[in-house]
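Let chain A serve as the given structure and place chains B, C, D, E and F with the ligands on it in line with the hints.
The lines below spell out each chain.
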Amino acid sequence: MQMHQAKRVEIIIEAPMEGRLTAALIDAGVTGFTILPVLGGSGRSGLWSREGQVGRSGMVAVICIVRPERVEGLLDAAFRVVERHMGVVCVTDCQVLRAERF
Amino acid sequence: MQMHQAKRVEIIIEAPMEGRLTAALIDAGVTGFTILPVLGGSGRSGLWSREGQVGRSGMVAVICIVRPERVEGLLDAAFRVVERHMGVVCVTDCQVLRAERF
Amino acid sequence: MQMHQAKRVEIIIEAPMEGRLTAALIDAGVTGFTILPVLGGSGRSGLWSREGQVGRSGMVAVICIVRPERVEGLLDAAFRVVERHMGVVCVTDCQVLRAERF
Amino acid sequence: MDGILALAADNLISPIILSFALGLFAALARSDLSVPEAVAKGLSIYLLFAIGFKGGASVARHGADATLLTSLVAGVALSFLLPFVAFALLRLMTRLSATDAAAVAAHYGSISIVTFVAASSVLAARGIGSEGYMVAVAAAMEAPAILSALWLVARAGGRREEDGELMREVLLNGSIVLLVGAFGIGLLTGEEGFRRIASFIDAPFQGVLCLFLLDMGLVAGRGLRGARGVLSAGAFGFGLVMPLAGASAGLAAALALGLSPGGVMLLMTLAASSSYIAVPAAMRVALPDANPSIYLTLSLGVTFPFNLTLGIPIYLALAQAATGG
Amino acid sequence: MDGILALAADNLISPIILSFALGLFAALARSDLSVPEAVAKGLSIYLLFAIGFKGGASVARHGADATLLTSLVAGVALSFLLPFVAFALLRLMTRLSATDAAAVAAHYGSISIVTFVAASSVLAARGIGSEGYMVAVAAAMEAPAILSALWLVARAGGRREEDGELMREVLLNGSIVLLVGAFGIGLLTGEEGFRRIASFIDAPFQGVLCLFLLDMGLVAGRGLRGARGVLSAGAFGFGLVMPLAGASAGLAAALALGLSPGGVMLLMTLAASSSYIAVPAAMRVALPDANPSIYLTLSLGVTFPFNLTLGIPIYLALAQAATGG
Amino acid sequence: MDGILALAADNLISPIILSFALGLFAALARSDLSVPEAVAKGLSIYLLFAIGFKGGASVARHGADATLLTSLVAGVALSFLLPFVAFALLRLMTRLSATDAAAVAAHYGSISIVTFVAASSVLAARGIGSEGYMVAVAAAMEAPAILSALWLVARAGGRREEDGELMREVLLNGSIVLLVGAFGIGLLTGEEGFRRIASFIDAPFQGVLCLFLLDMGLVAGRGLRGARGVLSAGAFGFGLVMPLAGASAGLAAALALGLSPGGVMLLMTLAASSSYIAVPAAMRVALPDANPSIYLTLSLGVTFPFNLTLGIPIYLALAQAATGG
Ligand SMILES: Nc1ncnc2c1ncn2[C@@H]1O[C@H](COP(=O)(O)O)[C@@H](O)[C@H]1O
Ligand SMILES: Nc1ncnc2c1ncn2[C@@H]1O[C@H](COP(=O)(O)O)[C@@H](O)[C@H]1O
Ligand SMILES: Nc1ncnc2c1ncn2[C@@H]1O[C@H](COP(=O)(O)O)[C@@H](O)[C@H]1O
Ligand code: NA
Ligand code: NA
Ligand code: NA
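Residue numbers (my numbering), protein chains in the order written: chain A, 1 to 102; chain B, 1001 to 1102; chain C, 2001 to 2102; chain D, 3001 to 3325; chain E, 4001 to 4325; chain F, 5001 to 5325.
There's no promise every hint is true.
[What the hints assert, rightly or not] Residues of chain B placed beyond 10 Å of chain D at every Cβ, according to the derived structure:
{"no.": "1", "residue": "Met-1003"}
{"no.": "2", "residue": "Arg-1070"}
{"no.": "3", "residue": "Ala-1077"}
{"no.": "4", "residue": "Ala-1099"}
[Said to hold, decoys possible] Under 7 Å between C-beta atoms, here's a sample of chain B residues computed to sit facing chain A:
{"no.": "5", "residue": "Leu-1039"}
{"no.": "6", "residue": "Gly-1041"}
{"no.": "7", "residue": "Val-1088"}
{"no.": "8", "residue": "Cys-1090"}
[Stated by the list, open to error] If you only want the chain B side, here are some residues facing chain C, beta carbon under 7 Å, derived:
{"no.": "9", "residue": "Met-1001"}
{"no.": "10", "residue": "Arg-1008"}
{"no.": "11", "residue": "Thr-1031"}
{"no.": "12", "residue": "Gly-1032"}
{"no.": "13", "residue": "Phe-1033"}
{"no.": "14", "residue": "Thr-1034"}
{"no.": "15", "residue": "Ile-1035"}
{"no.": "16", "residue": "Leu-1036"}
{"no.": "17", "residue": "Pro-1037"}
{"no.": "18", "residue": "Ile-1065"}
{"no.": "19", "residue": "Thr-1092"}
{"no.": "20", "residue": "Cys-1094"}
{"no.": "21", "residue": "Gln-1095"}
{"no.": "22", "residue": "Val-1096"}
{"no.": "23", "residue": "Leu-1097"}
These are computed hints drawn from the structure, not numbers from a lab. C-beta atoms are modelled at their ideal positions from N, C-alpha and C, and glycine is treated no differently.
Excised from the complex, chain A in its bound form:
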């Protein structure tokens, strides 16, 4: 199976910022991403849990798989949104099938 080098960027960010982050990604030409729900977590601002919340609270995880040469642009765009907010940005090397998709 022919595999291609790529980068997997995982951004954990506050739910109210989700729309701004995805808009920034699309502006930066990153049109492929997947959003996972988050149940709870802990960080410098303490423990939290999603249960019973009604507002647009909590965090989401945004996963983008991109060609290595696009990762820098993506991180710039993401960083501008995430900068002053809670959350985590983490990049891993990965390999993908069907490189034409990325």
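For chains B, C, D, E and F with the ligands alone, kept in the frame of chain A given last:
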């Protein structure tokens, strides 16, 4: 802590194909996997979101951790299912505890 | 963008053990983690699915991103909790922005 | 004509339609109003259970007759045949590929249970009776259209996935099983069973339908927003013409069957409506190359609102005129 | 005997049982019908709140008597003792390991609140009264069995996790807190509180129970499908014999307490039923080596349906015969 | 004074308050009782829809008058001005940074719809009427306070994000759209619409409110548990003083408007209550450096329970005394 090399395969696939993918994995001898819900995303077929949907729509993320020598068989099996469908297959190197489980 | 080496530890564990795991992590000085819901999966104890369950059943995925030097302590702590239970521990190399957070 | 307009106006300011409009507005205005997926699914389970049960209990009350069987056969036949009508119209009115056209056609041969429920509510509000077994006819019409669509693609030389599982999946689709199952429960437990759970399945029904239609409006609005430019004028026109064509076929069949005015209107509505649950999932499996934006936008964004607002009053007026009821 | 059969037949065609059967059928036929986890949890919160509140309001209405306390003590004792009976039977009838047998035994000492709710519904439908505080007895019976099981494992030399947290977790389990809390609210607000929310907790109760049992049928069916081959014939037999043994113990205790016929039947049902919420989670923590397929399949797939269909009518008939009520 | 105490005592043992207390207790005792996020959101959709619809239907019934408009203007003015009061009090009573103080102030200028709903329930239980359009006033008061807070931060030299999207997001916030939309639906469909869905939005209302407050208690309790040490005594005091200050401003405005006793009490409650949905999300976007633990704990953990238990009876007594009603 004794760690062992393994591969982490992440497949993002349309929910109606989930059953076919896991059946193909099991046929290929991959009996360990975990399925995560997906809230929304964007790709070549545009943005989508899970909210308010009632049908078996949307995507799921399937994560399989396997020994390196099994990854080829897994990808063959997965590819036959995913081939003509939306979705993403991404492989990362990883290390696991308790190798006997994989 | 300045990136820093880190480790991404993913622990898939039974939901009734979640509280014990996060307590052990915090005891071991790991105060950053994110918990993702899991829909279903398969392993040595067979297939399972979350749908319709009412109890605290099923699994969750706990993701911790830590500096490389802290991974050993984290794994020791996690292993003591996970040891006799179902579940998977998987470590990947990754790079993070904002190293001061980890 | 005046009757239709009055009826339509009356229909338009019902809480049900206004809830749908509210959802549509909220989505188009990009409000973050949303109904969680689990809640939407919970509401649909309630509606399917209630409508199925009420149908079964009504058959238990009034007894079944030979028309039940002929109606089921007519429903299956309509579901098989309407995709061919839809496919021909699409080929005429749009430039969609054979695969896309077949996928759309499958949706229009099948049915929308929420449109059916809304039509039943209009009948109930006007005190017009109907055959309880129309619920079973609705269930019988969900699946056949899918076979027709696959046949259309195969004939057009389109490659299609061999998949023995597919028909089992469609026939045992959750909404069919629940609808038919609840019908059976209503039939078996009859008047006595109905009495026991009436304050659950009858009293709050209209209100739950409001919330569900609020969500349908949100989903339809999000779809329309995302699909700007996806639909040509021809495709849009198809979304308005096809329900009328379907309703006409339904009318002819219903008159041949000798249904009551309410029953005629319900069969017209079923034929006019298009699927948005079972068929989209089946198309993702069987025709992955068909573009989901097209069929979802047409079905949910054009035909569903049309039926809800103008279609249902038209079908009722026609049914009453044709049966003299 | 005839009475039991008629009662059982009558029970079998109630909407509640048929909803369970529908779920079971759908799961065994591999339909994709499913109730979202959040909705299932929402329904269970409703049921626990309603049954607890009604129990408390009923005690407020009729006043509490000394039997309340003796009944609580009897419930706790039954929950402590039944695991020993279950363990002995399992050692006799199956070849399960000591750990697996103890884990199963814990489930049968504890209770299933849904079985209790279904039994209450049968009483309500027949106009038979019962002690309102049986709800509190149900809550008191959830946890003690877990201690017995841990003691059984320790005695058998099985290694077990030291875990001071566990008992706190079990005693403050969500379902116990909600049941007891709602009981307390009903008790405090009494008739006046009941009147205020009756149209929420009383009128739709039976219908909600139907949907919940639909889901229980789905879960039980999926469990049975996944667990093919897990249960030996002996284990299966245990799943039918143990509820009868439990019910007999419950009958003896209830007669000694001097409960009303309805109360006798409810205590029998509690003793006969087996847990599927609190105990499985506790076993995953305390006895991780025990195989969950075994205890879940036995409890949800065998004993729960047995109690729901045949058990409850039997217990009612016996309770009436024994009390002459 | 005696009246207030009796009223408070009566209020305290209502099912609604006790449900909140149960949730609070469960969370503080670290029970795993929890309401799934989707269910909580579903309950809040129901409450917003029902309260909005009832308000609109009531205006349709009684007709609107000039006071509607002046009340809306007064509401907007209160929402704009109260943050300045809150900010000044915070600067006096606490050592919070300007950013934290402004973020807290935004919450207290805005409103809590659940507190409003609870106040309406108390009125309904006592048979005291009120202006139906107070629901629209509630919606109008959600957003303006956010602007005041941003202005306060800017003046204090605090850096703040330029974000044109923010006001659109806040004004089209799901809860505002649903409340205003349902109000409009009630207004348009009037008596006839209300009759159709009354058994959904009226009968079970109190019961649903109980479950929702159970969840609010859980969330508040978890917040309090997590935020131990976050609040200084001064901040805690602010959480009790500020609602009284808000209620006084509301009382003055309401008397000037010439509202009915029920209406006076509702406007006092709105002014006294603090947001926990729209404003927290807006603050995360606009003032990310403000500490969410502080404003969430104050709003949900201190002021919300205070209003629910003591505040509402006080406001009712004062409103009745001031209007002689
Ligand atoms: N080291 C970490 N690993 C994984 N998730 C993290 C980590 N640090 C923070 N998070 C997530 O980000 C959220 C906010 O973190 P913080 O900004 O540190 O309060 C937490 O609640 C977690 O969900
Ligand atoms: N580059 C990517 N990174 C992460 N997820 C992606 C990516 N591309 C596509 N996806 C996911 O796969 C779905 C279908 O993608 P597509 O087939 O390109 O329409 C999207 O909605 C995303 O959830
Ligand atoms: N190789 C694997 N890859 C991903 N997830 C796994 C794997 N093995 C087990 N799991 C997850 O862990 C759960 C318990 O596994 P087990 O202990 O093998 O029964 C499964 O249901 C899966 O969710
Ligand atoms: Na149709
Ligand atoms: Na028992
Ligand atoms: Na306020």
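Quick rundown of the hints versus the structure:
{"no.": "1", "hint": "Met-1003", "verdict": "holds, 38 Å"}
{"no.": "2", "hint": "Arg-1070", "verdict": "holds, 26 Å"}
{"no.": "3", "hint": "Ala-1077", "verdict": "holds, 16 Å"}
{"no.": "4", "hint": "Ala-1099", "verdict": "holds, 35 Å"}
{"no.": "5", "hint": "Leu-1039", "verdict": "holds, 5 Å"}
{"no.": "6", "hint": "Gly-1041", "verdict": "holds, 4 Å"}
{"no.": "7", "hint": "Val-1088", "verdict": "holds, 6 Å"}
{"no.": "8", "hint": "Cys-1090", "verdict": "holds, 5 Å"}
{"no.": "9", "hint": "Met-1001", "verdict": "holds, 4 Å"}
{"no.": "10", "hint": "Arg-1008", "verdict": "holds, 6 Å"}
{"no.": "11", "hint": "Thr-1031", "verdict": "holds, 6 Å"}
{"no.": "12", "hint": "Gly-1032", "verdict": "holds, 5 Å"}
{"no.": "13", "hint": "Phe-1033", "verdict": "holds, 6 Å"}
{"no.": "14", "hint": "Thr-1034", "verdict": "holds, 4 Å"}
{"no.": "15", "hint": "Ile-1035", "verdict": "holds, 4 Å"}
{"no.": "16", "hint": "Leu-1036", "verdict": "holds, 6 Å"}
{"no.": "17", "hint": "Pro-1037", "verdict": "holds, 5 Å"}
{"no.": "18", "hint": "Ile-1065", "verdict": "holds, 5 Å"}
{"no.": "19", "hint": "Thr-1092", "verdict": "holds, 5 Å"}
{"no.": "20", "hint": "Cys-1094", "verdict": "holds, 5 Å"}
{"no.": "21", "hint": "Gln-1095", "verdict": "holds, 5 Å"}
{"no.": "22", "hint": "Val-1096", "verdict": "holds, 5 Å"}
{"no.": "23", "hint": "Leu-1097", "verdict": "holds, 4 Å"}
When each numbered hint is compared with the structure, no violation occurs for any of them.
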